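Starting from the given sequences, assemble the full structure and let the hints guide the process.
Protein chains: 2
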Amino acid sequence: MSDYSVVGKSLPRVDAVAKVTGAAEYAADVKLPNVLYGKILRSPHAHARIVRVDTRRAEQLPGVEAVITYKDLPQPSGAGRPIFAQGKVRFAGEAVAAVAASSPEVAQDALDLIEVEYAVLPAVMDPLEAMQPGAPLIHEELKTAVTVDGVEYVNISDHSHDREGNVDRAFARADAVVENTFHLSVVHQCYLEPHAAVASVAPTGKITVWTTTQGHFWTLEGMAKILGVPMTQINVVPTTIGGGFGGKCEAMLEPIAVLLARRAGKPVKIVMTRVEEMLAATPAPRCVIDMKSAARKDGTLTARQARIIWDTGAYAGGGGGGVDLVRGPYRVPNVKVEAFSVYTNKTNPGAYRAPSVPQVAFAYESQMDMLARELGIDPVAFRLKNLKDNRDFAENGKPPRIAVAFKETLQKAAEMAGWGQQTPRQRDRGTPDRKPQGQPSSGHGVGSQRSVVGVKRRGMGVAVGPWSNWAGPSSCVVSINEDGTVKHFSGAVDLTGSDTVLAQIVAEELGVPIESVLVVTGDTDSAPYAAVSGGSRITYGQGAVARAAAREAKERLLKLAAEQLGVKPRQLDTKDGKVFVKRDPKRSMTFSELGRISLWSGNGPIVGRASIAELPSPPVIAAQIAEVEVDTETGFVKLLRLIATQDVGFAINPMACEGQIQGGAVQGVGWALYEGIQYDNNGVVNRSFLDYLLPTAMDAPPVEVGLVELNAPDGPFGAKGIGEPPIIPTLAAIANAIADATGVHITDLPITPERIVTAMSSTSARSGGASRSPRRTARPTGK
Amino acid sequence: MSDYSVVGKSLPRVDAVAKVTGAAEYAADVKLPNVLYGKILRSPHAHARIVRVDTRRAEQLPGVEAVITYKDLPQPSGAGRPIFAQGKVRFAGEAVAAVAASSPEVAQDALDLIEVEYAVLPAVMDPLEAMQPGAPLIHEELKTAVTVDGVEYVNISDHSHDREGNVDRAFARADAVVENTFHLSVVHQCYLEPHAAVASVAPTGKITVWTTTQGHFWTLEGMAKILGVPMTQINVVPTTIGGGFGGKCEAMLEPIAVLLARRAGKPVKIVMTRVEEMLAATPAPRCVIDMKSAARKDGTLTARQARIIWDTGAYAGGGGGGVDLVRGPYRVPNVKVEAFSVYTNKTNPGAYRAPSVPQVAFAYESQMDMLARELGIDPVAFRLKNLKDNRDFAENGKPPRIAVAFKETLQKAAEMAGWGQQTPRQRDRGTPDRKPQGQPSSGHGVGSQRSVVGVKRRGMGVAVGPWSNWAGPSSCVVSINEDGTVKHFSGAVDLTGSDTVLAQIVAEELGVPIESVLVVTGDTDSAPYAAVSGGSRITYGQGAVARAAAREAKERLLKLAAEQLGVKPRQLDTKDGKVFVKRDPKRSMTFSELGRISLWSGNGPIVGRASIAELPSPPVIAAQIAEVEVDTETGFVKLLRLIATQDVGFAINPMACEGQIQGGAVQGVGWALYEGIQYDNNGVVNRSFLDYLLPTAMDAPPVEVGLVELNAPDGPFGAKGIGEPPIIPTLAAIANAIADATGVHITDLPITPERIVTAMSSTSARSGGASRSPRRTARPTGK
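Going down the list, the protein sequences come from chains A and B. Quick note on numbering: the first sequence equals residues 1 to 783 in my numbering. Quick note on numbering: the second sequence equals residues 1 to 783 in my numbering.
Honestly, I wouldn't trust all of these hints.
Remember, identical chains collapse to one label, so a pair may be satisfied in a single copy or spanning two.
No more than 25 Å apart at the CA atoms, straight line, and that leaves these computed lysine-lysine pairs for BS3-like [unchecked claim]:
no.: 1; residue 1: Lys225; residue 2: Lys412
no.: 2; residue 1: Lys407; residue 2: Lys266
no.: 3; residue 1: Lys225; residue 2: Lys578
no.: 4; residue 1: Lys407; residue 2: Lys143
no.: 5; residue 1: Lys31; residue 2: Lys206
no.: 6; residue 1: Lys19; residue 2: Lys266
no.: 7; residue 1: Lys206; residue 2: Lys19
no.: 8; residue 1: Lys582; residue 2: Lys19
no.: 9; residue 1: Lys19; residue 2: Lys31
no.: 10; residue 1: Lys266; residue 2: Lys31
Calculated directly from the structure, the hints in this document are not laboratory data. Remember, predicted model here, so these are calculated numbers, not experimental data.
Structure (structure tokens):
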């Protein structure tokens with residue numbers, strides 16, 4: 001492994017200069033001549049029938065060149081979200097009509113001139129209410145009633161049962177049982193770049209769309225279906241993407257922009273505002289989990305059951321409720337889970353980094369701590385005892401082809417954190433080198449007096465999160481230029497630095513410096529298929545085909561060089577942009593020489609190609625240990641430290657791995673402590689970043705990353721997907737640390753100061769979304 | 001062959017709607033924000049030293065954002081043309097400086113403010129003068145002196161000898177010998193779209209150029225060399241091209257646009273005017289050929305010798321002088337040729353449709369008629385006797401792998417023309433159905449009285465032209481979408497309808513309708529290598545890889561379908577977008593079904609790839625028979641009819657073949673009768689289409705096309721390259737027809753009315769570029 005020249009190195013991102021100089025072109029930057037600006041009229045009501053739409057006044061406004069309504073894009077009634085509301089609006093913010101005009105201001109004015117008469121219906125925002133008999137029906141046209149134990153629930157988009165073993169018997173025999181209800185808020189992916197799309201329709205009917213998407217082939221598929229045209233009639237050009245985190249996987253603005261452009265005969269650009277993002281994008285779902293877990297005295301987990309209510313908003317999607325989701329990375333012999341997806345009058349959720357897993361892991365990782373404390377076992381030791389290892393993945397008694405390093409990953413976190421080496425007193429007192437660096441947080445306006453009032457208590461919390469990345473359908477082409485430089489061409493969007501990793505893989509495989517490799521993302525007209533940049537798949541799946549295509553190109557290059565040098569291909573190898581005879585390295589030819597010769601002899605231009613449908617998924621965990629300081633009077637939580645370890649298989653770019661893990665963990669911090677879209681019956685209350693709290697740089701703790709590298713047999717150079725795991729354990733690690741500090745286990749996210757103060761002053765173990773559990777070792781300390 | 005569904009059909013061009021609706025985007029149409037307009041300062045002198053350039057006043061003009069001079073792009077002194085004159089201008093129109101400004105008008109004004117002091121040198125425009133001892137030296141820094149027979153010629157960029165057999169002995173023993181000097185003018189390719197390029201330089205240094213080019217990979221190669229950057233730092237985007245004919249193969253404007261864009265920090269667009277095109281593009285060279293040919297009484301050609309003076313203008317390039325060039329498609333046992341390329345103070349020539357061949361073929365095909373008439377043999381019969389056949393291409397006594405159809409091609413033309421079936425009287429009288437359709441020509445302002453004065457004589461002339469297309473380095477990728485549509489992706493520019501042909505090839509090979517195939521031309525960043533669209537190579541070379549890549553994709557598709565249907569791949573075939581079991585066609589799956597399945601099973605997305613370096617070239621001829629009516633008083637020539645046959649191997653799209661052949665023949669008409677850039681010592685005299693005569697639609701004869709289809713073993717479905725041959729025979733066919741009509745054989749092109757009248761009134765056989773030869777059968781007829 002130490003022989004590698006390019007992989008395994010912390011090289012700067014290949015797009016770094018483009019990003020920092022502003023050369024990178026985002027969708028909103030796309031400039032076309034005669035472009036019009038599109039705006040979308042959105043429902044002010046959470047639930048209403050559209051009685052009448054009159055666009056005449058809007059059409060007459062000077063500068064308006066196209067007005068379309070939901071009637072212009074009929075979509076079959078169904079569970080999935082249509083581009084426009086189809087006769088009935090089901091959430092406040094749903095699209096009803098759109099205009100294209102000479103300026104965004106005129107377009108906005110025109111929206112105000114569209115008259116929509118609504119017949120307002122009673123709205124239901126909470127899934128627990130929405131599923132109750134008699135609740136307003138959100139999809140009268142669908143069968144949404146489900147009878148469970150004699151109760152006919154309504155507004156159910158999905159209902160599932162799954163079980164293994166005998167949960168009831170296990171609970172009856174257990175030495176410790178914990179039972180809680182966990183509430184998780186709707187959280188937004190909060191990509192900095194809002195949705196934006198530009199559409200142009202040629203007189204031939206050919207559609208070109210520039211858009212911010214995690215996967216333009218998925219956008220193409222969606223658009224072709226929605227617009228009813230062959231895929232070859234649409235070219236989707238992916239622009240530089242300013243974050244996605246799962247929220248940019250589906251066609252949304254693009255069909256509207258196309259319809260407006262067709263109508264107007266000019267290109268149309270639509271850029272969503274942040275308010276529209278909060279109202280009408282696809283955030284992570286609200287979720288209510290009733291969970292019960294049990295263990296024996298010796299610390300063996302025996303049973304877990306869960307009832308998960310996913311809030312699917314106005315249209316179906318997401319959720320999940322298999323036994324493996326609830327079991328997590330542990331051996332749990334008896335598992336039972338029932339899951340509901342319940343329609344409410346909210347925007348429908350979409351994917352957000354490790355979809356569905358952080359929510360469920362928050363529940364079971366909180367309960368792991370509760371059980372450990374009830375049994376008097378160290379939480380790390382308790383987890384190590386129950387984490388799966390290679391024996392659990394054995395295949396016919398033999399070690400598994402894909403080994404796991406769950407325990408090593410957790411152990412590494414514990415070591416890095418100095419877990420168990422400090423008394424709580426030491427921790428509560430703190431030491432200068434444990435203090436967060438820099439200024440006290442000024443992120444959310446609570447004020448700096450937070451740091452001078454109240455008694456501070458410190459606590460540490462641990463949690464792990466399982467993931468198993470996919471590879472997905474991937475293909476690419478690698479070709480060698482006449483000057484010896486190399487092109488990697490695919491349809492994969494760089495969301496997280498993956499172009500750099502792909503360049504490293506191709507450079508290593510071919511034996512050229514990374515500067516010689518150009519990574520190009522093609523539009524759907526030109527590139528071969530690549531699935532969405534999501535599911536932590538790019539390094540694993542696209543990396544695998546990049547390496548395979550580079551290998552094929554290398555084989556062709558060696559064949560040509562062998563002819564030229566009068567040796568056999570297997571006598572040759574490559575390094576530093578040269579092909580050389582292994583036994584006599586002075587006999588060599590440069591890639592540049594061979595690139596030129598390839599054009600005129602042998603089999604022609606050197607082009608390698610590779611495709612895969614899927615690769616086996618390697619199971620990993622991320623482990624995190626949070627150290628917090630809680631002001632017991634204000635409830636303010638200061639994150640002192642966050643240790644994050646993860647099995648990355650092989651770190652092709654360690655710096656990029658660290659960045660990914662830090663980013664994921666900080667998103668977890670937001671989910672745990674700050675974030676949550678709040679609703680009243682008119683929809684979203686906190687519609688901007690003034691009201692929706694994101695962790696700022698000041699709130700982000702120092703995230704200390706530890707990489708575990710257990711090579712994946714199918715990943716390029718052993719790499720595994722890394723993007724999603726780091727958000728999974730953060731929620732529980734922080735909740736567990738707060739419990740360690742305060743003695744109260746908050747089960748509702750975000751863990752706001754109010755919730756902490758309320759829970760600490762409450763005597764009820766279940767009130768206020770908190771579970772009072774004995775503080776492991778915490779003591780008050782003045783400060 | 002009749003089994004084909006898509007190839008062999010006259011389908012409309014896939015880009016037809018884009019072209020006629022204006023949706024096709026040419027380089028000048030490219031619109032970028034903040035674009036500046038570039039203009040080039042060109043030398044007013046044909047030969048001068050640059051003493052001083054002062055750009056200060058230009059730089060101060062409001063709106064001017066960049067001024068560069070030749071000093072900003074130093075290029076090593078050499079024979080090839082630099083982008084800017086390097087301290088010395090060698091032709092009027094050579095680039096000296098350039099500006100970029102907010103509008104084309106400001107840029108033009110700024111040019112006037114650049115002060116250039118020239119030390120004017122004596123210019124030499126004619127190659128016959130330029131090569132004489134004592135002529136002004138155009139490249140003092142190069143060795144250009146060549147001593148031949150004791151004379152030291154100067155300004156020689158290239159000199160070659162080639163011979164086979166014993167020419168002198170053959171001439172001595174011949175029964176008929178003809179000897180002439182042929183003069184051919186500089187003719188311009190006259191693509192309707194002038195050169196244009198737009199350059200943008202990102203803060204990262206990455207260069208993007210949109211340009212009108214026949215081959216962006218050649219442009220890339222040239223730019224990388226000139227600018228000294230790796231190929232991966234430049235992306236060349238080919239725009240729709242409005243004609244090239246060989247004249248758009250080299251980087252010319254692009255580096256200037258890049259330098260201006262770098263200097264200004266904004267994109268720069270440069271569009272050449274028609275005047276600049278006439279001054280400074282790369283037209284076909286002027287050429288003077290002394291040729292002598294001999295035959296025996298029985299009509300056997302015995303010898304040919306030639307001395308060819310190519311006028312290479314200010315910089316080296318083009319020319320040629322091998323025995324095969326002079327022998328043409330005939331058996332000529334004794335051949336001798338000497339060729340000079342001579343520097344003059346003109347723009348250097350470039351490629352123009354079948355470079356160098358029309359000129360030399362004009363000479364020998366004129367002489368074929370002269371010899372035939374001298375020997376009293378029918379010109380067609382004389383050619384048939386001497387044309388090569390498969391015996392001449394035999395390989396070790398066996399029939400050649402690539403057969404030829406020279407004689408069949410000529411015979412077909414003779415049949416179509418009714419050669420030998422009409423007496424001259426009939427022809428001179430004409431019959432209504434032989435008259436040109438439509439109005440009399442009003443193309444060139446000589447006036448309609450032309451048709452009422454003078455005695456009209458009709459004549460027929462025949463000529464053939466040999467060609468052997470290349471395939472060149474080619475590669476492409478064919479992939480199948482989830483909806484069953486197909487993408488063909490390559491770096492080949494559609495110059496002549498080749499996208500349609502490629503779509504037909506891919507559709508036929510895969511078994512889908514042509515509507516399912518999208519042909520995409522990628523930029524140099526994304527596409528695998530493709531050589532220039534020239535040398536009649538696209539259908540042959542790119543068509544071959546398109547078919548091979550489609551076949552590879554098909555194999556992958558059949559493998560997947562075999563898995564799905566539980567049969568073996570060889571039991572399957574494809575048709576109408578379906579894969580079916582051959583013995584039970586009802587068992588089938590659609591491409592769409594398989595496209596979707598491919599993403600999730602088997603070997604992943606279906607992608608085929610193919611590369612070739614070269615394929616064996618198939619020799620063909622084009623044969624043409626012209627029928628003219630000459631007004632013996634005005635010298636006006638009316639082309640009544642032009643029969644054009646050609647061996648196309650296999651007509652993938654017969655309509656497109658006919659269009660190509662008609663286009664080539666009409667360009668030949670221009671070369672024969674109208675075109676020629678005229679020079680005085682200050683450079684070009686006729687600088688626009690008002691003065692440079694092109695045949696208009698009114699001047700174009702009805703071109704009757706006959707296709708011969710002798711399959712090429714390596715061409716896709718047997719196809720051969722077809723673009724170049726049809727221009728080759730036209731020059732001599734017309735000259736021979738005029739000789740048939742008038743009795744004078746004009747050896748200088750263009751054959752203007754003045755030259756005809758002068759020749760007819762002259763008694764000298766050699767004066768005025770005409771050779772008096774007995775009119776075969778012509779008689780005067782009143783009209």
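Each hint, compared with the structure:
Taking CA atoms no more than 25 Å apart as the test, Lys225 paired with Lys412 passes in neither setting, with 48 Å inside one copy and 53 Å between copies. Taking CA atoms no more than 25 Å apart as the test, Lys407 paired with Lys266 passes in neither setting, with 59 Å inside one copy and 56 Å between copies. In this homomeric assembly, Lys225 and Lys578 come within 25 Å of each other (Cα to Cα) only across copies, at 21 Å, whereas the closest approach inside a single copy is 48 Å. Taking the closest pair of Cα atoms, Lys407 and Lys143 never come within 25 Å of each other, the shortest separation being 46 Å inside a single copy and 78 Å across copies.
For a Cα distance limit of 25 Å, the shortest separation of Lys31 from Lys206 qualifies both inside one copy, at 19 Å, and across copies, at 19 Å. For the homomeric pair Lys19 and Lys266, the shortest alpha-carbon distance between copies (18 Å) is at most 25 Å, but the shortest distance inside one copy (30 Å) is not. Taking the shortest alpha-carbon separations for Lys206 and Lys19, only the inter-copy value of 13 Å comes in at or below 25 Å, while the best intra-copy value is 31 Å. When the C-alpha separation of Lys582 and Lys19 is checked against a cutoff of 25 Å, the pair qualifies neither within a copy, at 41 Å, nor between copies, at 55 Å.
When the C-alpha separation of Lys19 and Lys31 is checked against a cutoff of 25 Å, the pair qualifies both within a copy, at 18 Å, and between copies, at 23 Å. Taking CA atoms no more than 25 Å apart as the test, Lys266 paired with Lys31 passes in both settings, with 13 Å inside one copy and 14 Å between copies.
Against the hints set out earlier in the document, violations occur for numbers 1, 2, 4 and 8.
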